[in-house]
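Trainee: Below, each chain spelled out in residue letters.
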Amino acid sequence: MSVASPSSTPAQGAFQKFRERNSRILPNIKARIGVGLLLVFVLLAVLAPVISPYSPTYTGFSLGASPSPAHLLGTTRSGQDILSQLIWGTRPSLDVSLTTGFITMLLAVAIGILAGLLEGIIDEILMLFTNIVLVLPSIVLVIVISSYISAASDVTISFIIALTSWPWGARVIRAQTLHLKSKDFVKAAIASGENHFRIAFFEILPNMFSLVAANFFFTCLYAVVTVASLQFLGLGNINAISWGSILYWANNSNALMIGAWWWFLPPGLAIGLLGAAFALINFGIDELTNPRLRREGR
Amino acid sequence: MRYLMRRIIFYVVAFVATITINFFLPRAMPGNPAEALMSKFGGRLNPLALKSIEIAFGLHEHEPIWNQYLQYLGQLLHGNLGTSLAYYPASVSGLIGTALPWTLFLVGLSTIISFVIGIIIGSISAWRFGGAFDTFMSTFFTFTYAFPYFWIALACLYLIGYLWGVFPISGAYSMDLVPNLSVSFVFNVIRHAILPSLTIIFTSVGYWAVNMRNTTITTLAEDYVTMAEAKGITLRRILLRYAGRNAILPNITGFAMSMGFIVGGAILTEIVFSYPGLGNLLFQAVQQEDYPLIQGILMIISFSVLAANFVADVTYSLLDPRVRVGGNQ
Chain A
20 MSVASPSSTP AQGAFQKFRE RNSRILPNIK ARIGVGLLLV FVLLAVLAPV ISPYSPTYTG
80 FSLGASPSPA HLLGTTRSGQ DILSQLIWGT RPSLDVSLTT GFITMLLAVA IGILAGLLEG
140 IIDEILMLFT NIVLVLPSIV LVIVISSYIS AASDVTISFI IALTSWPWGA RVIRAQTLHL
200 KSKDFVKAAI ASGENHFRIA FFEILPNMFS LVAANFFFTC LYAVVTVASL QFLGLGNINA
260 ISWGSILYWA NNSNALMIGA WWWFLPPGLA IGLLGAAFAL INFGIDELTN PRLRREGR
Chain B
80 MRYLMRRIIF YVVAFVATIT INFFLPRAMP GNPAEALMSK FGGRLNPLAL KSIEIAFGLH
140 EHEPIWNQYL QYLGQLLHGN LGTSLAYYPA SVSGLIGTAL PWTLFLVGLS TIISFVIGII
200 IGSISAWRFG GAFDTFMSTF FTFTYAFPYF WIALACLYLI GYLWGVFPIS GAYSMDLVPN
260 LSVSFVFNVI RHAILPSLTI IFTSVGYWAV NMRNTTITTL AEDYVTMAEA KGITLRRILL
320 RYAGRNAILP NITGFAMSMG FIVGGAILTE IVFSYPGLGN LLFQAVQQED YPLIQGILMI
380 ISFSVLAANF VADVTYSLLD PRVRVGGNQ
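Order-wise, the sequence lines are chains A and B. Numbered by this note's numbering, the letters in the first sequence go through residues 20 to 317 in order. Numbered by this note's numbering, the letters in the second sequence go through residues 80 to 408 in order.
Possibly wrong hints are sitting among the right ones.
[Said to hold, decoys possible] To give a feel for the contact side, a few chain B residues facing chain A, derived at Cβ under 7 Å:
(1) Phe94
(2) Tyr224
(3) Phe229
(4) Leu233
(5) Val365
(6) Ala391
[Stated by the list, open to error] Rough simulated footprint, nothing fancy, chain A against chain B, three-plus residues with beta-carbon under 8 Å:
(7) 171-183
(8) 377-383
Hints are computed from structural coordinates only; laboratory data are not their basis. Keep in mind the model is a prediction, meaning the values are calculated, not measured. The C-beta atom is built at its ideal place from N, Cα and C for all residues, glycine as well.
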């Protein structure tokens, strides 16, 4: 089993060659496709009133129709146009994932930097807390909490997801804070008597921007899928038009059993593509910042 | 040893925290869920069951919360998880007992298969770093990563189960069969498990493959690998004996940790396929507002996650001496 290369003697040579050939091209392509996809969804959300053929809530069309020129993705069993629902559904789905990503990022940054900067007993307590939340089964907890709160709003769901998913980011950010603290420029700032707040926001945070951004997009990915799953289960706000609620009603009306693929395939595809957009941006940032994955050698 | 002691203390603390969350969660929610519950079931329950619900959900408003908490702990110590409301008079522990084996069978087996396939694909990707296989797999997994679990399950259900009618699409065995150990029953169970199992493998294999690929690539850049190359050791031997066994280390920990998430992880798959496991039971409980059952399942899942994490720690300290010597993380 040797790498496909004429100079097969030193393995490193072969790896090096692949690294050079693909350096800088692939990660950027990944990130670019991701940003492009995300922009498409943002446009869909913003332009929903313009491009949506009908009102998503209007129920006067023929019931359960299959795709036709008038209704490209058919209609629901209660006579709504599915394509219009799909386009309008972009708004809450984007909204809830970005909100969740943002709240999670704030929590992770605050706790991670605080623990890394202060060390000692506060660090110990914060990390104990982080590690405990880390081992809690978050999807189960999210399901249970949203079942306790009947008809939770999107913002509530965002908070619930954020409260159970910040520890990964906090740990990574704490580690990076510790690493940056040993650098000369931070040492200099500490020695010159700058306060913690200034060190955290002007010395440390700008130097882990990519880490924070990767964490943000990863949480967005997690949130898109989780929110859709919750709504599919009938938790959260299923009466508003969103991708998850379309799937819930499709499943509730046995769309699968009557073979109405145009009802349950498109919303899932949309969720997956938005998720993939976040994942691609995340991987792109990862490969740009991790020198070993960047394929440029050491 | 010191390392293990630290970990044991951590897990004890974490478990107490979990129990405490489980206790306070329903109490902290707007509008005590238990009150609605009591008006719904009050007449049907025997005094003993009523009492345990009162303890679990804090209906003794006159009693101080610490007393309630101690009573709750006392019940748990006796292994009493309470009585289900939706399946009254079945006990919560009994219901969990019948559902758990199905989940362990379906999700456990699928996770093992997925892990093995993922490690193999990840290693090959790392060997062929940047090649066609690697590029294709990385792109492919970006998408399987992002698509919702339940939707893939729905699509599989539609295609393979409904359109082509190859495999049964719901339940763990045909409804007209009585569970026994005959060959035909075992085959029936396996036939029912194939479709849900495939969807679990399909959606989770990317996680292992991407991780294994990245750790292998990172390991291949280590000095001892360069040294091995300099000595003229064959590439195959380097990959298997030098890089592979080190790259797989973090994945084994990840695997042990994921065994804990097995219990709760495939909730949606179980629901889509109406598989009679713990995830489906939780969904039933949520739908019928069976709070004692919800509490019990959350507790069992948390416990298995903690236990699996502990196993992961022990495995890691056995496999990697640096952890034992280093002591503090």
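Trainee: Hints first: check each against the structure and report whether it holds.
Mentor: Going down the list of hints, with the structure as the test:
{"no.": "1", "hint": "Phe94", "verdict": "violated (9 Å)"}
{"no.": "2", "hint": "Tyr224", "verdict": "holds (5 Å)"}
{"no.": "3", "hint": "Phe229", "verdict": "holds (6 Å)"}
{"no.": "4", "hint": "Leu233", "verdict": "holds (6 Å)"}
{"no.": "5", "hint": "Val365", "verdict": "holds (4 Å)"}
{"no.": "6", "hint": "Ala391", "verdict": "violated (10 Å)"}
{"no.": "7", "hint": "171-183", "verdict": "violated (count 0)"}
{"no.": "8", "hint": "377-383", "verdict": "holds (count 3)"}
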